[in-house]
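Engineer: Work out the full structure: start from the sequences and follow the hints.
Chains Y and E, in that order, are what the protein sequence lines are. Just so you know, we're using the UniProt record's numbering here: the first sequence kicks off at 1 and counts up by one. Just so you know, we're using the UniProt record's numbering here: the second sequence kicks off at 1 and counts up by one.
Hints may be right or wrong, so weigh each one.
Stated by the list, open to error - Ranges of calculated distance between the beta carbons of each label pair, as one might list FRET restraints:
{"no.": "1", "chain 1": "Y", "residue 1": "Asp-141", "chain 2": "E", "residue 2": "Leu-222", "range": "34 to 40 angstroms"}
{"no.": "2", "chain 1": "E", "residue 1": "Thr-215", "chain 2": "Y", "residue 2": "Asp-141", "range": "36 to 42 angstroms"}
{"no.": "3", "chain 1": "Y", "residue 1": "Glu-189", "chain 2": "E", "residue 2": "Arg-77", "range": "22 to 28 angstroms"}
{"no.": "4", "chain 1": "E", "residue 1": "Gly-308", "chain 2": "Y", "residue 2": "Ala-27", "range": "27 to 33 angstroms"}
Calculated from the structure, these hints are not laboratory results. We put the beta carbon where it would ideally sit given N, CA and C, even for glycine.
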Amino acid sequence: MRLGLVIDLDVCVGCHACAIACKEWNASGTIGPLSDYQPYGAEPSGVWFNRIRHFEMDEYPNNKTINFPMSCMHCEDADCVTVCPTGASYKRAEDGIVLIDQNKCMGCNYCSWACPYGARELDRSSGTMKKCTLCIDRIYDEKLPVEERQPSCVLTCPAHARMFGDFDDPDSAVSRVVRERGGYPLMPELNYNPTNTYLPPRRKPVIEIETKPKGGLKESIKQFANRLVRR
Amino acid sequence: MHPAFSVIFFTVASGAGFGLFSLLFITDVFKLGGGFSREQLVIGGIVAMALIVFGLLSSTFHLANPKNAWRAVSRFRTSWLSREGVFAIVFMPLALVYLASIWFEAPAWLRDTVGFMTAVLAWVTVFSTGMIYACLKTIRQWNTPLVPANYLALGYASGSLLLLAGAVLAGLQTLPFIAMAALIVSIAAVLKAIYYFWIRSPGLTPTMNTATGLTRAKLKLLDTGHTHGTFLTQEFGFQLAREKASLLKVVVFGLGFAVPGLMLVWVFNEQGGQGAAIVAALAGIAGAAVERWLFFAEARHVVNLYHGAQRC
Chain Y
1 MRLGLVIDLD
11 VCVGCHACAI
21 ACKEWNASGT
31 IGPLSDYQPY
41 GAEPSGVWFN
51 RIRHFEMDEY
61 PNNKTINFPM
71 SCMHCEDADC
81 VTVCPTGASY
91 KRAEDGIVLI
101 DQNKCMGCNY
111 CSWACPYGAR
121 ELDRSSGTMK
131 KCTLCIDRIY
141 DEKLPVEERQ
151 PSCVLTCPAH
161 ARMFGDFDDP
171 DSAVSRVVRE
181 RGGYPLMPEL
191 NYNPTNTYLP
201 PRRKPVIEIE
211 TKPKGGLKES
221 IKQFANRLVR
231 R
Chain E
1 MHPAFSVIFF
11 TVASGAGFGL
21 FSLLFITDVF
31 KLGGGFSREQ
41 LVIGGIVAMA
51 LIVFGLLSST
61 FHLANPKNAW
71 RAVSRFRTSW
81 LSREGVFAIV
91 FMPLALVYLA
101 SIWFEAPAWL
111 RDTVGFMTAV
121 LAWVTVFSTG
131 MIYACLKTIR
141 QWNTPLVPAN
151 YLALGYASGS
161 LLLLAGAVLA
171 GLQTLPFIAM
181 AALIVSIAAV
191 LKAIYYFWIR
201 SPGLTPTMNT
211 ATGLTRAKLK
221 LLDTGHTHGT
231 FLTQEFGFQL
241 AREKASLLKV
251 VVFGLGFAVP
261 GLMLVWVFNE
271 QGGQGAAIVA
281 ALAGIAGAAV
291 ERWLFFAEAR
301 HVVNLYHGAQ
311 RC
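Structural biologist: Written out as structure tokens, the structure reads:
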């Protein structure tokens with residue numbers, strides 16, 4: 001099994017609901033609590049597993065806003081695991097989920113240096129590194145109804161921009177949608193082979209924008225008349 | 001990258017210590033400058049080991065959770081940080097055996113064998129320290145073989161200057177020590193110059209486009225999505241102004257290589273040899289510290305691509 005997420009950049013509306021749901025669930029989850037520093041102060045900061053950035057692609061009039069959620073990619077070749085000197089970082093053989101053993105981490109930051117995606121954040125209160133667990137305590141919880149055995153971010157996404165599933169199964173919904181929509185990994189040139197996959201924004205017809213009225217004598221008279229007559 | 005003082009102190013001090021210890025062995029084997037006495041060799045060895053131990057202790061100050069530091073040797077097979085720790089720990093008893101064999105005048109074969117193993121282990125340890133940084137694909141300024149080469153060159157340059165100061169204080173014939181220090185400091189200067197030349201251009205690195213996979217048009221960051229700095233901006237957001245970096249490079253070459261070089265000439269001409277040798281050692285180590293600060297400050301992590309950098 002190779003569990004991970006598909007994120008549809010065409011659909012994401014950038015509402016940050018996934019980040020909030022992630023924080024809410026994981027603050028009391030296996031790896032929590034997730035510290036906040038000065039939550040009501042002038043400089044609020046804290047530990048988050050899921051962050052959403054906003055980009056603008058191309059220039060006016062072809063520009064498009066892309067909302068870009070990012071969490072742990074659960075890479076196949078995860079350097080964060082190999083560089084860890086204490087063995088606190090590990091990748092589960094059975095489902096490919098990358099986790100941190102909070103009892104072993106010494107807070108050296110080395111894994112965060114090795115991660116190109118910024119998926120790992122040091123919790124200054126506990127002195128340990130924390131990261132997305134793919135909600136391991138939800139997806140395997142047999143007390144939950146089957147349809148709720150999914151990561152919090154996926155369940156909460158109001159736009160359904162996120163999907164969760166097994167990438168090793170060619171017939172799973174995530175594998176199918178990646179095939180059909182040309183899903184891609186981030187920074188493939190670093191060879192980390194991330195599991196999480198992004199679906200590109202679809203191309204939309206360019207909306208023509210007229211900066212000047214079409215020429216011609218009739219049009220000019222109409223414009224002139226429009227200016228004269230007060231409605 | 002955020003330059004942590006404890007890590008800078010650690011790499012400079014332990015680098016100098018390992019360098020000094022290795023060169024002390026060479027001095028002992030070839031009896032350079034007439035050869036140190038038994039006591040002088042042991043004192044030199046203890047100074048080197050003190051530098052290494054204080055360096056290693058300092059490195060634990062940058063850990064957020066030092067109570068688990070003892071686990072840091074458990075991933076020898078994959079992690080260079082673990083390897084560095086293991087080699088440093090194995091070095092200690094061997095170094096003590098070597099010093100003991102000098103003190104108790106053990107047979108030459110034993111003394112030389114243990115000394116050689118200690119010297120090699122010192123080299124391997126400094127190499128591993130460099131590889132901690134060089135193995136990271138996420139930071140182009142570090143991901144080059146020049147990084148362990150520089151760590152070794154600067155460690156041995158600092159060590160050779162300390163050894164020269166020791167030789168002058170012990171009243172040995174200084175010429176071989178001057179020659180050795182001059183050679184190693186020049187090699188370190190040349191390697192550092194190549195390194196600075198190498199990292200000047202970005203080369204083939206990830207860009208904002210490959211980082212997001214949105215390669216069909218130019219991209220710009222609209223919003224980072226957080227209201228204040230995060231761990232990521234604090235750890236990786238440190239960006240040094242270009243003109244400041246150039247100035248610091250001048251300081252590195254002036255303090256780290258030119259001043260020691262001039263002092264070597266001074267010692268050679270016997271114009272207040274002791275003072276000059278001590279100035280050379282201190283300037284060399286201070287230069288190495290500035291170099292190390294810049295090494296961290298200039299490194300740009302690819303995560304900055306998600307915070308608005310077009311390329312890293």
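Engineer: Hint by hint, which ones does the structure fall short of?
Structural biologist: Of the numbered hints, all hold.
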